[in-house]
Amino acid sequence: MIVAAALIVLLPFVGAVAGLLGSRWPRGGSRTEENNARANRRAGWFAVGPAAGALVLTVWLAWQVSGAGGSADVFWAEFLPGSAEGTLTVIDTGAIPISVGLQVDGLSVLTAILVTVVATAVQVYSVGYLRGDSRFPSYSAFISLFTSAMLLVVFAADLLVLYVGWEIMGLCSYLLIGHWWEDRANSRAAVKAFLVTRLGDVAFLFGIFTLGFAAGSFRIDDVIAADISTGTLVLATMLLLGGVAGKSAQVPLHTWLPDAMAGPTPISALIHAATMVAAGIFIVARLFPVFPQPTLDVLGVLAAIGMLGAALAALAQDDLKRVLAYSTISQLAYMAAALSAGSPDAAIFHLISHGAFKALLFLCAGAVIHHVGSNLLSHMGGLRQAMPITFWTMTIGFAALMGLPPTSGFFSKDAVILAIEHSTSPIRLFLYGSALITVGVTGAYAIRAWLRTFFGEEHVHALAEPTPGTAHVFDGREAPRTMVWPLVLLAIPALLLGFIGVADMDWPSAAISLLVALLGAGIVYTTWRGAPHSDPARLLGPFRGPCEQAFYVDRVYAALIARPTLALARGVVRTDTHVVDGAVRGSGRLTLGLSSLARLSQNGNAQLYVTGLLAGVLLIAVGAVMLG
Amino acid sequence: MHVVYPAVVAALLFSIGVYGVLARRNTILVLMSVELMLNAVNLNLVAFDVWLRDQLHGGQVLTLFVIVIAAAEVGIGLAIVLAVYRNRQSIDLDRLRELSEPTELSEPPSPNGAQPVATKVTTGGGPE
Numbered sequence: 034m035i036v037a038a039a040l041i042v043l044l045p046f047v048g049a050v051a052g053l054l055g056s057r058w059p060r061g062g063s064r065t066e067e068n069n070a071r072a073n074r075r076a077g078w079f080a081v082g083p084a085a086g087a088l089v090l091t092v093w094l095a096w097q098v099s100g101a102g103g104s105a106d107v108f109w110a111e112f113l114p115g116s117a118e119g120t121l122t123v124i125d126t127g128a129i130p131i132s133v134g135l136q137v138d139g140l141s142v143l144t145a146i147l148v149t150v151v152a153t154a155v156q157v158y159s160v161g162y163l164r165g166d167s168r169f170p171s172y173s174a175f176i177s178l179f180t181s182a183m184l185l186v187v188f189a190a191d192l193l194v195l196y197v198g199w200e201i202m203g204l205c206s207y208l209l210i211g212h213w214w215e216d217r218a219n220s221r222a223a224v225k226a227f228l229v230t231r232l233g234d235v236a237f238l239f240g241i242f243t244l245g246f247a248a249g250s251f252r253i254d255d256v257i258a259a260d261i262s263t264g265t266l267v268l269a270t271m272l273l274l275g276g277v278a279g280k281s282a283q284v285p286l287h288t289w290l291p292d293a294m295a296g297p298t299p300i301s302a303l304i305h306a307a308t309m310v311a312a313g314i315f316i317v318a319r320l321f322p323v324f325p326q327p328t329l330d331v332l333g334v335l336a337a338i339g340m341l342g343a344a345l346a347a348l349a350q351d352d353l354k355r356v357l358a359y360s361t362i363s364q365l366a367y368m369a370a371a372l373s374a375g376s377p378d379a380a381i382f383h384l385i386s387h388g389a390f391k392a393l394l395f396l397c398a399g400a401v402i403h404h405v406g407s408n409l410l411s412h413m414g415g416l417r418q419a420m421p422i423t424f425w426t427m428t429i430g431f432a433a434l435m436g437l438p439p440t441s442g443f444f445s446k447d448a449v450i451l452a453i454e455h456s457t458s459p460i461r462l463f464l465y466g467s468a469l470i471t472v473g474v475t476g477a478y479a480i481r482a483w484l485r486t487f488f489g490e491e492h493v494h495a496l497a498e499p500t501p502g503t504a505h506v507f508d509g510r511e512a513p514r515t516m517v518w519p520l521v522l523l524a525i526p527a528l529l530l531g532f533i534g535v536a537d538m539d540w541p542s543a544a545i546s547l548l549v550a551l552l553g554a555g556i557v558y559t560t561w562r563g564a565p566h567s568d569p570a571r572l573l574g575p576f577r578g579p580c581e582q583a584f585y586v587d588r589v590y591a592a593l594i595a596r597p598t599l600a601l602a603r604g605v606v607r608t609d610t611h612v613v614d615g616a617v618r619g620s621g622r623l624t625l626g627l628s629s630l631a632r633l634s635q636n637g638n639a640q641l642y643v644t645g646l647l648a649g650v651l652l653i654a655v656g657a658v659m660l661g
Numbered sequence: 116m117h118v119v120y121p122a123v124v125a126a127l128l129f130s131i132g133v134y135g136v137l138a139r140r141n142t143i144l145v146l147m148s149v150e151l152m153l154n155a156v157n158l159n160l161v162a163f164d165v166w167l168r169d170q171l172h173g174g175q176v177l178t179l180f181v182i183v184i185a186a187a188e189v190g191i192g193l194a195i196v197l198a199v200y201r202n203r204q205s206i207d208l209d210r211l212r213e214l215s216e217p218t219e220l221s222e223p224p225s226p227n228g229a230q231p232v233a234t235k236v237t238t239g240g241g242p243e
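Here the protein sequences line up with chains Z and X, keeping their order.
Okay, so the first sequence: first residue is 34 according to our numbering, each after it adds one.
Okay, so the second sequence: first residue is 116 according to our numbering, each after it adds one.
Hints were generated in silico from the structure; no laboratory data involved.
Hints are supplied without guarantee of correctness; some may be wrong.
To give an idea of the chain Z side of the interface with chain X (calculated C-beta under 8 angstroms), a few residues [claimed, not checked]:
hint	residue
1	Arg632
2	Asn636
3	Gln640
We treat Cβ as the ideally placed atom computed from N, Cα and C, and that holds for glycine.
With these hints in hand, go ahead and build the complete structure from the sequences.
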């Protein structure tokens, strides 16, 4: 089993290397149209093949670990009780050894299935979405590398090995957000994502160190089994929480995610909806036994603020992808809330179903954007007729997002809310209220985006000419086949996945959240019916501005952090030029000034020199006579 | 004849030569003054050679050497003067100050490492 897990991790990695080095080989030189097309075709195979191979292997692995029995406190242990662990080598560091090893159990297999399914769908989809992009080979190779890194995180048996995958994901995220770096805003967004997540990652690394030194081992099993004092645990898990907040876009480190929508849409689907942002939640679930109650409470407060705030922000956005981005923050906050309520079970359930339906939503949004040539909801409308497949699949996605039965979101969201309801946490009521209101707001923004995209009048805003480097081409038809198939593939789990949780349903609680969601949706629908041309976001009234700006968090950060940092940097530069350089230059000037006295005699007149010589000789002669 | 007469004449000659070297501005006159000084030395050499009755006449031999060397020196010196005049249309010693320190302070080195060249206004025409 470990060999299979290693293969799953390595296959996409080999695909990435092959895609980067082999796509243009051996006729690499010229970038003609024909060469590009050939390179893209080959890179497509290099990308899709390993991803599909990893998917097949993961399914086989799931079949291997499956079986009945096992402890039933978490559902993956119920369905997938098997586990295995293997260590390739132990690196002796002098202090605590690093064991390079992998670990297979229900949780990792489950997450790996999500990752490989979404990665395969995204790779296939990208072939159509980025047709003709001259940088497609590197793009698809980075996706493969990313997939490999995420799978390493999922299967890692050692915290430091996990951290390697964690950092590679951050790097790939940066590279892929900035795929169209010709536009300055895109590269800025990439840098922002990199810096913000890095801030969390530093905390995460120190959290790993704290845990590792307290437990005397970096192996996850040892860390969980170790007997560590509560104070150390709180410190370590708080630090880990920093990394979780960074990667999973939780308040207060969430600001990079909406800006990350500058990347190509499949990237948003893969990284910023289904997998990378899930890594934070996955880590908490993986290390859940070591998280003490204070840390979980902090996580709960952050989640409660994040879910409602992000949902309100999503309600006011005009950019379809930003709507989905804020919705992702909100849904990730649901998972965090489930974790803080003490139920990694519900969190992972929602993680899986959210991964499926959010990837689906993003890929549908990509198809719509590809069709319309614009990200803005105000440029869309009436696309129901032109894009029937996209319409139906996206409807399934939105229904799952709202939590309507029988889609997966209905079951998983219910599991989350049930977990919050039954938790013993002191902030239970706060969390529960926030979650219920968010359900209503989620219904509102989902139905708004749905109506604004597919209903009303068609006013397609075709670009006269696609800007270089963008994939936005209006061709008036349904998206190409490679883009439609992944939609259908992902719509199936988004629709049906929830039924694995049907046994644990709590129907009254589900009915309440369903009613709240329908209430939110209904209000937006009636507003929209009254005036189909205008944006239902006007419901928010005076709050619309703050919501659209996501409550000015970006501006607050700019004022509190970015600007003081820049001012400090300028101060350092000034100090350097005026004090440090000034001292050096000043000493030079002082020497020159002093030497100017001595230089008065060096006026170039040879006769003066001879006079001096003669005077000297006379002086010596007189001296010799007098003293001699 | 007492040795004091040639010695006084030589001293006078030497003093005139020193004055010429130190005070004249014309390079040719400076060269001539140098000759005067050399000849003052020659006079001393011959006079003291006789006065001291040197068996080997080292003073007279040395005088011949000095005369030869002085001829060579004047030849080179005049050639240099000629070359200077061709290039600068002037043999005024006061204006041949290429070797002086630059009069104005050169700028301190700029931060990017470029060293500004200390320029000096040359007197007379340039070499080409």
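Which hints from the list above does the structure break, by number from lowest to highest?
Violated hints: none at all, because every hint is consistent with the structure.
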